[in-house]
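Asks: Listed here are the chains, written in short residue letters.
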Amino acid sequence: MLNIVFGDIENSIYHPPTYFDNQYEDEWITDPLSIEMIRDIDQSEVVSAHLIESPVLGPISPREISGGVKTLMLMAFDDSGKIFNASSCGDNCAKWIVDISTRKDLTINLHHVLDFSTAGVFEAYMVNTGKTIHSYEEYLDEAFQIKER
Amino acid sequence: MKGKYHVIVQNKRLRYEFDIKRNITIIRGDSATGKTTLYAMISLAARMGESAGVDIQCEKKCRTLEGPDWKLVLPTLHDYIIFLDEDNQFLKTAEFTAMVKESDNYFVIITREDLPNLPYSVEEIYGIHTAGKYHDMKKVYNAFYRLYSVEELSGKISPNEIIVEDSNSGYEFFDYVCKEKGISCGNAGGKSKIIDVLRASKGESVLVIADGASIGPEMNELFQYMKKCPHTRCYLPESFEWLILKSGLIDGNAVRDILQHPQDFIESQEFFSWERFFTSVLVQYTKNTYLYYTKHRLNKAYFHEKSKRAILEIMERVVALS
Chain A
1 MLNIVFGDIE NSIYHPPTYF DNQYEDEWIT DPLSIEMIRD IDQSEVVSAH
51 LIESPVLGPI SPREISGGVK TLMLMAFDDS GKIFNASSCG DNCAKWIVDI
101 STRKDLTINL HHVLDFSTAG VFEAYMVNTG KTIHSYEEYL DEAFQIKER
Chain B
1 MKGKYHVIVQ NKRLRYEFDI KRNITIIRGD SATGKTTLYA MISLAARMGE
51 SAGVDIQCEK KCRTLEGPDW KLVLPTLHDY IIFLDEDNQF LKTAEFTAMV
101 KESDNYFVII TREDLPNLPY SVEEIYGIHT AGKYHDMKKV YNAFYRLYSV
151 EELSGKISPN EIIVEDSNSG YEFFDYVCKE KGISCGNAGG KSKIIDVLRA
201 SKGESVLVIA DGASIGPEMN ELFQYMKKCP HTRCYLPESF EWLILKSGLI
251 DGNAVRDILQ HPQDFIESQE FFSWERFFTS VLVQYTKNTY LYYTKHRLNK
301 AYFHEKSKRA ILEIMERVVA LS
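The listed protein sequences correspond, in order, to chains A and B. The working numbering puts the last residue of the first sequence at 149; the count rises by one with no breaks. The working numbering puts the last residue of the second sequence at 322; the count rises by one with no breaks.
Next comes chain B alone, as it looks inside the complex (with noise of 0.2 Å):
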């Protein structure tokens, strides 16, 4: 599936009305938010239909899946979006795991674990909260908030130390920019490994570096690390990839397209997660040209003070590095 869907559940007394556009989106937060409401309501809904008193609007047929004959159902379904309740043991296991990720339906669950296994983006992690009261203050609007902001997460940081998640082409190019400023530069060897890092590491201000479109897993730990260290702050890009499309080098209104609204043309059975999707762009519209991208190794091009500063530049809109 691709795409973006507005959602709307509602019944006489409560309507949640929210957007839904990769294959995994986490529901989390505080508790009595109405997260086991909304996914009482869809039940109801999707065995009952209208006999439910339960409105579902959504381009796209909306389902709950639970019990233990879920490997069965699950590969049945297609082009749904599928809500899970944290009480599915079975969310952590590998074979979920493999099971989404060969999947043409988009997935919303409702959890407070990490969920290692899967790559979702820490913009798809969001709460509930009751946005309001329609007129005849009989009926509660609910929506979804992002629970880590940008402005939380990042803002103006003089780091002494940077710790990039890659360890290919991303982690070289920041390296070579930190060497230049004077700045410490380490890579943590991959997204669980940050918190063991950051934890060693003896600078005063640093900044980790990693992919927004799959760090999702280590936000509720690094969220809290960022709390007891305030002095460390994160810049999370979809990934360097998008960095680099963002940043303008590659020309072209195709690029620009597909930037301004990825969820379009991500098809969630080939890419898992974002990333891996704008690393096939960069290498798609590169190839042939002097920035020919490959993600082992970075091409010198983009070491040149042009391309260097254009990549900064998008960076620098979130996080100062100076």
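For reference, chain A alone in the conformation it holds in the complex (with noise of 0.2 Å):
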């Protein structure tokens, strides 16, 4: 289940990606979740845990994948009971955010309307209003409501 809380709260990383870069294990990088994400998201093909190839950049290390896959992992993976700020995910990651909240129960922070236009049929629980959404459309509705960012 996905739970969505939007504005500043306690217990929340505001930067995922400094997060990760200190606290990421070398198992995460080579699990088959990631190495999807880091296919979708960056182009790029996972060698081994300590090395990426990336069309771009050439090889590059763990900490040189988007802020956006390394915040999708702190979700996937990070069990220190952190709630990690989804601004800093562009609209690709929606999907995998809501495909790693139906392995898990996750909670992510907001400080903008996130597109989910093009996560698919989703649920989620707006921690700000109490109430649960079953689409993006619904979504929007309880987002614009919320003042909070």
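For the record, the hints were derived by calculation from the structure and aren't laboratory data. Glycine included, C-beta positions come from ideal geometry on N, C-alpha and C. Heads up, a few of these hints could be off.
What the hints assert, rightly or not - In silico lysine to aspartate or glutamate, EDC-like type, Cα no more than 20 Å apart, as pairs:
1) B:K21 / B:D257
2) B:K228 / A:D91
3) B:K227 / A:E53
4) B:K12 / A:E53
5) B:K227 / A:E10
6) B:K202 / A:E142
7) A:K147 / B:D196
8) B:K92 / A:D8
Unchecked claim - Sample of chain A residues with no beta-carbon within 10 Å of chain B, all distances over it, derived:
9) D31
10) D42
11) A49
12) D79
13) S80
14) E123
15) T129
As the list claims (entries may be wrong) - Label-pair ranges, simulated between beta-carbon atoms:
16) B:L291 / A:N3: 55 to 61 Å
17) B:H296 / A:P55: 55 to 61 Å
18) A:T102 / B:H78: 51 to 57 Å
19) B:G67 / A:K131: 24 to 30 Å
20) B:S149 / A:K131: 29 to 35 Å
21) A:S61 / B:V73: 54 to 60 Å
22) A:I9 / B:K193: 22 to 28 Å
23) A:T102 / B:S201: 34 to 40 Å
24) A:D141 / B:R297: 33 to 39 Å
25) A:S135 / B:I314: 36 to 42 Å
26) A:P55 / B:R47: 56 to 62 Å
27) B:N253 / A:I60: 50 to 56 Å
28) A:S135 / B:H78: 47 to 53 Å
29) B:G49 / A:P55: 25 to 31 Å
From the two separate chains plus the hints, produce the assembled complex.
Replies: This is the structure we're talking about:
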């Protein structure tokens, strides 16, 4: 289940890419989910836990993958109980947020209205209003009512 | 600072090329498009100079700004193009807004947050895309593109309701036009209320008219609203005053010259956003004429057929009202 909280909250990591650089585990990189996300978002191939082949940057370390994918990997694998700011994710990460939320209970923090229009059918609990939404249209209706950003 | 500046940032593998022409430019968009890489390259070059191996070509000095001492550093910078990344939580503070307002620097901000305190233009919100590779196929060429194009926002529409951001002269004008055409007209009472007014609207086909020069913070939500309600369109001229100036009602080479390249006339320290500049130009050039202009109450001369037609003709190049 996906829980969405708009605005400043406690226990939230405002800039997940920095947190990722200092907290990621090698095995996260080679997990099949990460391999797929890195392929889809970054158009890059995981060679090993320490090496990723980027078509633009050449061979890079996990610290050089996109901020969006770093945030997704924290959402998927971090078990510290932190809530990650999904405003570090581009709209092309939205479908992966929904995907991760089908594997585990996931709470994300937003400081802007992330565009979930390409995420397909999804369900989320809007923590600010206490309503459950079942589509992108319902998500927008709720998000527009929430003034916290 | 005023003027338009061409910026090239490059190393052996990457080249970014873009123009900056207003005090505030926003970069956002999908993940993995190279925003952070651009920022890192500028940061390296600013810190290490030539030994960074990053080449920056620009008439103005480019640098980054970050960290807890930003408040001490920013007042010491003049005539720079300053790049800021999304990890700076101070971007949405009133303190940062006040410093940008008084600054003689240009700011390029990488963020997906709306930053409602900063009046940036719809035209200065960019994404980055790969525009191609050089002949040796080793260097990737990246360019900026406008996230919100006129074509996507406007188009032919026969609105049965118009919502005007402005509650002053601009609203008076469009309210008058709407009454003639039998179209309902409302004012939002400010750009941040447009979405609320749209949601409450019963109109089947709605046109939003707002100041493009400062509507930037609303664009993400407005654009998503338009996806959900495709019969909503936007007309976003720089401002109502720009529309009057553009109409040709105020004759003269000086006005034409300003409209052709306003960035060369607008000092960022004096005008936080361009619509304030166009208001001052209109007031100055209509003073002591039958078209004298005040922001709070529209001179009836603008309702005369010739004036009204001239203004609407500019608008109808982008959106049709009938």
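Asks: Against this structure, judge whether each hint is valid.
Replies: Hint by hint, here is what the structure shows:
For the given pair, K21 of chain B sits about 16 Å from D257 of chain B by alpha-carbon distance, which is consistent with the 20 Å threshold. For the proposed pair K228 of chain B and D91 of chain A, the alpha carbon gap of about 16 Å is at most 20 Å, so the pair holds. Only pairs whose Cα atoms come within 20 Å are accepted, and K227 of chain B paired with E53 of chain A is rejected, the gap being roughly 36 Å. As the CA atoms of K12 of chain B and E53 of chain A are separated by approximately 17 Å, the hinted pair is consistent with the 20 Å bound.
Proposed proximity of K227 of chain B and E10 of chain A is contradicted: the alpha carbons are some 33 Å apart, above 20 Å. As the CA atoms of K202 of chain B and E142 of chain A are separated by approximately 19 Å, the hinted pair is consistent with the 20 Å bound. This hinted pair checks out: K147 of chain A and D196 of chain B have alpha carbons roughly 11 Å apart, not beyond 20 Å. Straight-line distance between C-alpha atoms of K92 of chain B and D8 of chain A comes to about 12 Å, which keeps the hinted pair within the 20 Å bound.
Look at D31 of chain A: its CB is around 18 Å from the nearest CB on chain B, clear of 10 Å, so calling it non-interface holds up. At the 10 Å boundary, the C-beta of D42 of chain A falls inside the reach of chain B, the nearest C-beta of that chain being 4 Å off. Annotated as non-interface, A49 of chain A keeps its C-beta farther than 10 Å from every C-beta of chain B; the closest such distance is 20 Å. Distance to chain B confirms D79 of chain A as a non-interface residue, since its nearest Cβ pair spans about 23 Å, more than 10 Å.
The beta carbon of S80 of chain A sits about 19 Å from the closest Cβ of chain B, which is more than 10 Å, so the claim that it is off the interface holds. For E123 of chain A, the non-interface assignment is confirmed: its Cβ lies about 18 Å from the closest Cβ of chain B, beyond the 10 Å cut-off. With a minimum CB-CB distance of about 14 Å to chain B, T129 of chain A clears the 10 Å threshold, and the non-interface call stands. The supplied range of 55 to 61 Å is met by L291 of chain B and N3 of chain A, whose beta-carbon atoms lie about 57 Å from each other.
Distance hint check: the CB atoms of H296 of chain B and P55 of chain A are about 56 Å apart, consistent with the given range 55 to 61 Å. Range check, T102 of chain A to H78 of chain B: about 52 Å between beta-carbon atoms, so the 51 to 57 Å window is met. About 39 Å separates the C-beta atoms of G67 of chain B and K131 of chain A, a value inconsistent with the hinted range of 24 to 30 Å. For S149 of chain B paired with K131 of chain A, a C-beta distance near 34 Å keeps the hint of 29 to 35 Å intact.
Take S61 of chain A and V73 of chain B: their Cβ atoms lie about 30 Å apart, and the range 54 to 60 Å is violated. Distance hint for I9 of chain A and K193 of chain B: a CB-CB separation of about 26 Å, consistent with the stated range 22 to 28 Å. A hinted range of 34 to 40 Å holds for the C-beta pair T102 of chain A and S201 of chain B, which are about 36 Å apart. About 37 Å separates the C-beta atoms of D141 of chain A and R297 of chain B, a value consistent with the hinted range of 33 to 39 Å.
For S135 of chain A and I314 of chain B, the Cβ-Cβ distance of about 39 Å falls inside the hinted range of 36 to 42 Å, so the restraint holds. With their beta carbons about 28 Å apart, P55 of chain A and R47 of chain B fall outside the hinted range of 56 to 62 Å. In this structure the supplied range 50 to 56 Å holds for N253 of chain B paired with I60 of chain A, their Cβ-Cβ distance being about 54 Å. As the Cβ distance of S135 of chain A to H78 of chain B is approximately 50 Å, the hint placing it in 47 to 53 Å holds.
For G49 of chain B paired with P55 of chain A, a C-beta distance near 30 Å keeps the hint of 25 to 31 Å intact.
Figure legend: structure checked against the earlier numbered hints; hints not met, in rising order: 3, 5, 10, 19, 21 and 26.
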